[in-house]
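Kindly generate the complete structure, drawing on both the sequences and the hints.
Chains as they are written, first to last, in the working numbering: chain X, 2 to 325; chain W, 45 to 578; chain F, 5 to 309.
Just so you know, these hints were derived from the structure itself, not from any lab. Mixed in with the good hints there might be a few duds.
[As the list claims (entries may be wrong)] Derived, one-sided and incomplete: chain X residues facing chain W with beta-carbon distance under 7 Å:
hint, residue
1, Ser11
2, Glu42
3, Gln64
4, Thr66
5, Gly160
6, Phe165
7, Val268
Virtual Cβ for every residue (Gly too), placed ideally from N, Cα, C.
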Amino acid sequence: MGFYVLRRLSQSVFVMLAVAFLAFALFRFAGDPVMQMTGVETPPEQQQAIREQLGLTDPFVAQFTRFVGELLRGDFGFSFRTRQPVAEMIRDALPATGELGLVAMAISLLVGIPAGMLTALRPKGFASQSVLLMTLVGVSLPTFVTGIVLIFLFGVVLGWLPTFGRGQTVSIGWWTSNLLARGGWRSLILPALSLALYQLTLTMRLVRAQMMEVLRTDHIRFALARGVPRWRVYVRHALPNSLIPVMTVIGLQFGGIIAFSIVTESVFQWPGLGLLLLRSIRFVDVPVMSVYLVFIGLLFVIINLAVDLLYAVVDPRVRIRSGE
Amino acid sequence: MIRKIMTILVLIALIAGTATATGTSESDSQSTDVVFRWATTTDPQTMDPHAVNAAPVLSFLNNIYEGLVRRNEQMDIEPSLATSWEPLSDGDGWRFFLREGVTFHNGDAFTADDVLFSYERGTSETSDVTSWFAPVTDVVVVDDFTVDILTSAPNPLFPDSIANWMIMSRSWAEENASTAPATDQENFATRNANGTGPFVLSSRSPGVETRLVPNTAWWDDLEHNLSEAIYTPIENQSTALSALLSGEIDLVNPVPLQDVDRVEAAPGFTVLGGLETRVIMLGFGHEKEQLDYSTDVTGVNPFQDVRVRQAVYQAINVDDIINVVMRGQAEPASQLLPAGLSGYSIVNDDRLPYDPVASRRLLTEAGYPNGFSFGLMCPNDRYLNDEAVCRAVTSMLADVGLQAELTTHPVRNYWGELREDAYDMYLLGWSPGTFDAEHPIRFLVSTPNEEARLGSWNYGGYSNARVDELLPEIQSELDPATRQAQIDEIAAIIQDDVVYVPMYTQPLIWAMADSVDLVQRPDNFFMLRWVNVN
Amino acid sequence: MKPGSRAKRNDGEFAYLFLRSPAAIVASVLVVLTVGGALLAPWIARSDPFDPGTYDLTDAFTPPVWSPEGESRFVLGTDDQGRDLLASILYGARLSLRIALSAMGLAAVVGVSIGLIAGYYGGWFDAVVMRIADVQLSLPAILTALLVDGISLTIISESASTEFRATVITVAIALSLWVNFARTTRAAVFVERNKEYVQASVMMGERPRRILGIQILPNVLAPLLVIMTVDLGRAILLEATLSFLGVGLPPNQPSLGTLIRIGMNYVFSGEWWILWIPATFLVTMVISVNLFGDFLRDYFNPRLR
Numbered sequence: 002m003g004f005y006v007l008r009r010l011s012q013s014v015f016v017m018l019a020v021a022f023l024a025f026a027l028f029r030f031a032g033d034p035v036m037q038m039t040g041v042e043t044p045p046e047q048q049q050a051i052r053e054q055l056g057l058t059d060p061f062v063a064q065f066t067r068f069v070g071e072l073l074r075g076d077f078g079f080s081f082r083t084r085q086p087v088a089e090m091i092r093d094a095l096p097a098t099g100e101l102g103l104v105a106m107a108i109s110l111l112v113g114i115p116a117g118m119l120t121a122l123r124p125k126g127f128a129s130q131s132v133l134l135m136t137l138v139g140v141s142l143p144t145f146v147t148g149i150v151l152i153f154l155f156g157v158v159l160g161w162l163p164t165f166g167r168g169q170t171v172s173i174g175w176w177t178s179n180l181l182a183r184g185g186w187r188s189l190i191l192p193a194l195s196l197a198l199y200q201l202t203l204t205m206r207l208v209r210a211q212m213m214e215v216l217r218t219d220h221i222r223f224a225l226a227r228g229v230p231r232w233r234v235y236v237r238h239a240l241p242n243s244l245i246p247v248m249t250v251i252g253l254q255f256g257g258i259i260a261f262s263i264v265t266e267s268v269f270q271w272p273g274l275g276l277l278l279l280r281s282i283r284f285v286d287v288p289v290m291s292v293y294l295v296f297i298g299l300l301f302v303i304i305n306l307a308v309d310l311l312y313a314v315v316d317p318r319v320r321i322r323s324g325e
Numbered sequence: 045m046i047r048k049i050m051t052i053l054v055l056i057a058l059i060a061g062t063a064t065a066t067g068t069s070e071s072d073s074q075s076t077d078v079v080f081r082w083a084t085t086t087d088p089q090t091m092d093p094h095a096v097n098a099a100p101v102l103s104f105l106n107n108i109y110e111g112l113v114r115r116n117e118q119m120d121i122e123p124s125l126a127t128s129w130e131p132l133s134d135g136d137g138w139r140f141f142l143r144e145g146v147t148f149h150n151g152d153a154f155t156a157d158d159v160l161f162s163y164e165r166g167t168s169e170t171s172d173v174t175s176w177f178a179p180v181t182d183v184v185v186v187d188d189f190t191v192d193i194l195t196s197a198p199n200p201l202f203p204d205s206i207a208n209w210m211i212m213s214r215s216w217a218e219e220n221a222s223t224a225p226a227t228d229q230e231n232f233a234t235r236n237a238n239g240t241g242p243f244v245l246s247s248r249s250p251g252v253e254t255r256l257v258p259n260t261a262w263w264d265d266l267e268h269n270l271s272e273a274i275y276t277p278i279e280n281q282s283t284a285l286s287a288l289l290s291g292e293i294d295l296v297n298p299v300p301l302q303d304v305d306r307v308e309a310a311p312g313f314t315v316l317g318g319l320e321t322r323v324i325m326l327g328f329g330h331e332k333e334q335l336d337y338s339t340d341v342t343g344v345n346p347f348q349d350v351r352v353r354q355a356v357y358q359a360i361n362v363d364d365i366i367n368v369v370m371r372g373q374a375e376p377a378s379q380l381l382p383a384g385l386s387g388y389s390i391v392n393d394d395r396l397p398y399d400p401v402a403s404r405r406l407l408t409e410a411g412y413p414n415g416f417s418f419g420l421m422c423p424n425d426r427y428l429n430d431e432a433v434c435r436a437v438t439s440m441l442a443d444v445g446l447q448a449e450l451t452t453h454p455v456r457n458y459w460g461e462l463r464e465d466a467y468d469m470y471l472l473g474w475s476p477g478t479f480d481a482e483h484p485i486r487f488l489v490s491t492p493n494e495e496a497r498l499g500s501w502n503y504g505g506y507s508n509a510r511v512d513e514l515l516p517e518i519q520s521e522l523d524p525a526t527r528q529a530q531i532d533e534i535a536a537i538i539q540d541d542v543v544y545v546p547m548y549t550q551p552l553i554w555a556m557a558d559s560v561d562l563v564q565r566p567d568n569f570f571m572l573r574w575v576n577v578n
Numbered sequence: 005m006k007p008g009s010r011a012k013r014n015d016g017e018f019a020y021l022f023l024r025s026p027a028a029i030v031a032s033v034l035v036v037l038t039v040g041g042a043l044l045a046p047w048i049a050r051s052d053p054f055d056p057g058t059y060d061l062t063d064a065f066t067p068p069v070w071s072p073e074g075e076s077r078f079v080l081g082t083d084d085q086g087r088d089l090l091a092s093i094l095y096g097a098r099l100s101l102r103i104a105l106s107a108m109g110l111a112a113v114v115g116v117s118i119g120l121i122a123g124y125y126g127g128w129f130d131a132v133v134m135r136i137a138d139v140q141l142s143l144p145a146i147l148t149a150l151l152v153d154g155i156s157l158t159i160i161s162e163s164a165s166t167e168f169r170a171t172v173i174t175v176a177i178a179l180s181l182w183v184n185f186a187r188t189t190r191a192a193v194f195v196e197r198n199k200e201y202v203q204a205s206v207m208m209g210e211r212p213r214r215i216l217g218i219q220i221l222p223n224v225l226a227p228l229l230v231i232m233t234v235d236l237g238r239a240i241l242l243e244a245t246l247s248f249l250g251v252g253l254p255p256n257q258p259s260l261g262t263l264i265r266i267g268m269n270y271v272f273s274g275e276w277w278i279l280w281i282p283a284t285f286l287v288t289m290v291i292s293v294n295l296f297g298d299f300l301r302d303y304f305n306p307r308l309r
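This is the structure we're talking about:
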């Protein structure tokens, strides 16, 4: 086991280096930051001087080495656009995305698991068929369209919910929270719904497929034949067995939430990491973009690692296979 | 297990109770407060008035900082921190008499030394506003409330050109180690401000929210009734409009042209429309020996032929573009600056007419009876409906046989592509920073010359000896009539040579709640000191 | 989806099951309508929306024919440039489909090959490839697209042409889809490799390429087919999202996604058809592809029925 963990850790380091390299290569080519940093009247030679000062004219390898070196020392650099420390910008944006993603994931699990069970237990029922059809629509709707529709309906026409931003928040240390603020949850509903929609359908489909597999296994059939009450069999025996892969889903969902939060946050002007990234891309804010990617990469690596290790604990075969 | 959860919940509640609440609750609780909220697409990237010479920054900071002079509702120059000024009797330059009894927001008194300091700061290596001081040779403090600004030649326009030169307190900057603008990492002045202006920066969360409160010790009469102003950047225009219509925002700038009717139809909202000082034009690659993006013409650049350039001009139906794409909200433009600005050439007021027949004839004369193909490059997030305008232009040019292959770039790539000459024809918008005809001539028409800082936006590389000869004369001519004659001559050259195809003056559309009363200035600067909420 | 769980069945059963499933029938009718319309665009559409000489700015914002101000020339109305919306949608869908299909195809070929080799040989190749897959998973598709887009812009100067943009987007989408194929194939190969018949072939000295191609690959085709249909839907949506974020196809040769992006500008202005008609078309197309995928999955995996 110890060897397996070590192996996995060393691979993670490799992954992180690759992500850092990609992040850096990507944003080296994103555009010219200096044209964004200066006004129209700034003469070209002054722009060139700024380029040199920021080290943008150095060879690629030198820039990359410096970037990784600074990252390792915990120096995340300063934004080209606002000149703020990047670490601080990421830290300030993290709670917004964190809460949004958490709530979206909660919605997707709380609705997705029962819906998945329902459609697995009564696949031919009217309710199941409607749910299946609805999830199909959910999977097929572009996130940006649902966002605007939600805003228009609940924000403008009905006037029930705020249309943009986080509204009221409370700060606990550096973490700012909507959930704990009085009325703050109202701002969270629309973006979380729009983000959860796609994830929900994934959860539901996975639980459904898994549940159907489990229902066919002998111990369930036997229990039913023995006359154990149906709901008891389903909830006590079938559900736990079909929830094991949900562990993987949460890992996968995290990826989806990070990716689609970019779109959702841009539509709802939600001041999180996605909006920070889009804004940085618009202004060619290379340090912010690179650190964002490395940060996201790190989160992924940690979550992947955790899921893999959990599997290794649950299922020794994984260990043996990977260790050969 | 349940007890554990309960304990945690109680703990969370306790933490939440002691945590500081931010957000709207405090300001809403007092109904007498007049809180004004507004949104634009671009957050000012810094609070430092000398760090970035860009409209979003200067517009925002004009509410906090002040210059020696300022612009009134009609864009005319009027006294601000200087009460009066006169040309120096001995030598070239201007003498400014400063206002007495003015204090900065932190209580420091304003004196001539702060003017000298702001000059030093504005001309420092890391400043982005050095171009304002190009003609200045020295700044001399005569006494605490008199300053001489020396220039290398007579400079009649100097007071007009420094309305955005904002004065910062020397002692404040020195105390906070911010004596020069930050380039690679922030300093105190990046997120804090200490001006003399009508509003005080009370909180700043970059990209999220910035709050201002009135300066109770301001020297001038109050014309607003605000107790707080809250600014939010909203990048997505549909979201911004939703926020306005749902009452969460009092003013949105800009509003997409196509949504003007929607806003006006909604009860309780109005649209404030005017013309910006920005002219949208097409530019050519004058210097190119051959077209880079043509599939049928090689070895020559047809756009070097003035007949071809004129054919482009006359093939574009600007009225249709204005009526359809700009929804009737723009004005046709004949010059590189809009009518009415200082130095506008009235004798060259007429545009060449839209005439596809003449256009085809010109192309035939130039040897291209069936037209030719070329590359047209446009930004897609810089000017109002820029992409749609370019598509319309493409369609109109196709009618006379000119096959434009349209490529669009976001502005972050656009300027780089322009500099790399990745076009045969391109779209450009220009707003004269000095509100004078000399500005576009200096940047867009004079022969590019890095050392003399001329023609830095003349990407096509147009060059005309007579223009280069007249420009310095315009810059120092004191007699208005002589100066206008010189400008008229250049305007005629630009028109005859079809250096650019000026199309229209971009509109300026703000949408707001009916309860808001304010002044819209043509430079698109948003001045809180004229805002009243009823 | 357990690979290899399905015994071979005859075509009669497919037809029988197909006819019993109303969803599958509706889906295939919709697929035929949308995909067929897209493929036949040059013959159905009355004008070529990619040719700027064929439309007129003064026709802009004509509503669909059933509105009072509609014109019979433009059945679904016109967009902000006076382009016939029906023609734009058909041509746009054609472009979207081409990109989605080739991205999916590219991802399948690359992913399956990698999965086969990694699953069969294991070792360092497997470790490296699967870690690359991790990297890929940690880069959301949108970022991958930006990466490919940004690098190609710098390296290749012709990058602005539609043809090139289409290639960039295809590669970007393929890059974000191949992991699924590789992982599924690899997992299936793990299972098959240890089965007796494969072991027997190995012992008899059969060449690995033959074992992979003839014995293992057919057994993983079923789950791959399902992934393909699901990913086709995803690819269409991805293209639309990329175009919405402005890194998609240029507006003079719009894909469905670009049409929706243009339409988003008019979401509040009363010209609803410019957004909602292309959006409805897109959603219908994706739903029908997904419905069809569901049917295929159920067919290949009868235990789920």
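Could you tell me which of the numbered hints above are not met by this structure, giving the numbers in increasing order?
1, 3 and 4
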